[in-house]
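Q: Given next are the chains, with one letter for each unit.
Number of protein chains: 2
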Amino acid sequence: MLRNFRTYLANQWGLPKEAIDQLCAQINTKQVDKEGFLLKSGEICPLTFFVEKGLLRMYALNEKGKEDILQFAPENWLVSDRGSVYFNEPSDYYIDAIENTTVVLLDQGFMERISDLGPSFRKLNERLLHNHIRHLNKRVKLLLGASAETRYLNFIKLHPDVLLRVPQWMVASYLGIAPESLSRVRRALAKKNFKPGQRLS
Amino acid sequence: MLRNFRTYLANQWGLPKEAIDQLCAQINTKQVDKEGFLLKSGEICPLTFFVEKGLLRMYALNEKGKEDILQFAPENWLVSDRGSVYFNEPSDYYIDAIENTTVVLLDQGFMERISDLGPSFRKLNERLLHNHIRHLNKRVKLLLGASAETRYLNFIKLHPDVLLRVPQWMVASYLGIAPESLSRVRRALAKKNFKPGQRLS
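Protein chains in written order, with UniProt numbering: chain V, 1 to 201; chain C, 1 to 201.
Please note: incorrect hints may appear among the correct ones.
Just so you know, same-sequence chains aren't split out, so a pair can sit in one copy or run between any two.
Result set (DSS-like, lysine-lysine): computed pairs, CA atoms no more than 27 Å apart in a straight line [stated by the list, open to error]: (1) K53 <-> K34; (2) K141 <-> K34; (3) K141 <-> K195; (4) K64 <-> K191.
Because the hints were derived from the structure by calculation, they are not lab data.
In isolation and in its complexed conformation, chain V is listed as follows:
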């Protein structure tokens, strides 16, 4: 049980087996069926979700009622709305399941319990937060000025596993481009015999 979560605690946090056993004994999980919701806009959700198995997405509805996808979360990814978790705000976002999904439910106490294991864990947590900010800045940079092809190639690099599990319109939504632009990019890449996992020169 919780094989991915236990591996995450061991690899990402460097925790020994005893500490992992102790943390997992206090952990709750939840099953959510495909198209089921973990969070809806307007709700306050104090939880962060770790995806043990399955695939989630976080999205917002824009002024035209279209879904803009902020994040995909396959196995071993965390997803949460920080405004809700840390600032007690009603969320602007939805989190739902693209596949039948098992999530580990992490409350604020969970991070405290990890921090209590030693001061190095709080530093590691800070490092992970800086890394998150670094990645979001890269995303903003791509959205501001990168071509549809560059955005798509970056997505493949970040999420090679998600590519085949979601419909193309969701990828286009995440990239902030029209579905037709994505089709054009994919045709152009196919003509160059590009395969995911391969870098174009």
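Use these hints to put chain C onto chain V, whose structure you have.
A: Below, chain C without anything else, positioned relative to chain V:
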């Protein structure tokens, strides 16, 4: 000297005068003239900059050689490239001065010295990092799906002080819209007698 930085330490971090005196005694500052650089793409910069007086911007050059503005930093704002500071990567970004600027130079040791003042400061730092992530997610949401007018109104709310200090093309660059779109939005708002600081119904 360092009036803004001292106020920031008192208000944001809740530090007493003695701690502020101690921290400021170990602090270096730098003057950078208008159009001068603090960071160029390809360089590694281990510093975070606090703007004591003046105005900075962080930008990237896109595939067409155009400047995409990631962030404006007027007085009391912090700006840094986390990839460079925390992961020792050559930067993708430029940081330069839009006005003659005085910055406080913060190295990694600075955060350690604040943390050493007590465990509550490390928690406060985490909260500030979560807040940064929350704001970057909002920015991504706006870039993915908001109209030019919504983006502009959000910018005015976040940066009322910057609006009159930068040329319009820089605002358009930050918003990820064409300068002509921004002119159109401004004309439409003027027709509605909109004034910055006022919310449209």
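Q: All hints, please: hold or fail.
A: Against the structure, the hints come out as follows:
1. K53 <-> K34: within (12 Å within a copy, 52 Å between copies)
2. K141 <-> K34: For K141 and K34, only the inter-copy Cα distance (24 Å) is at most 27 Å; the intra-copy one is 32 Å.
3. K141 <-> K195: For K141 and K195, the Cα distance is within 27 Å only inside one copy (25 Å; across copies 30 Å).
4. K64 <-> K191: between (34 Å within a copy, 23 Å between copies)
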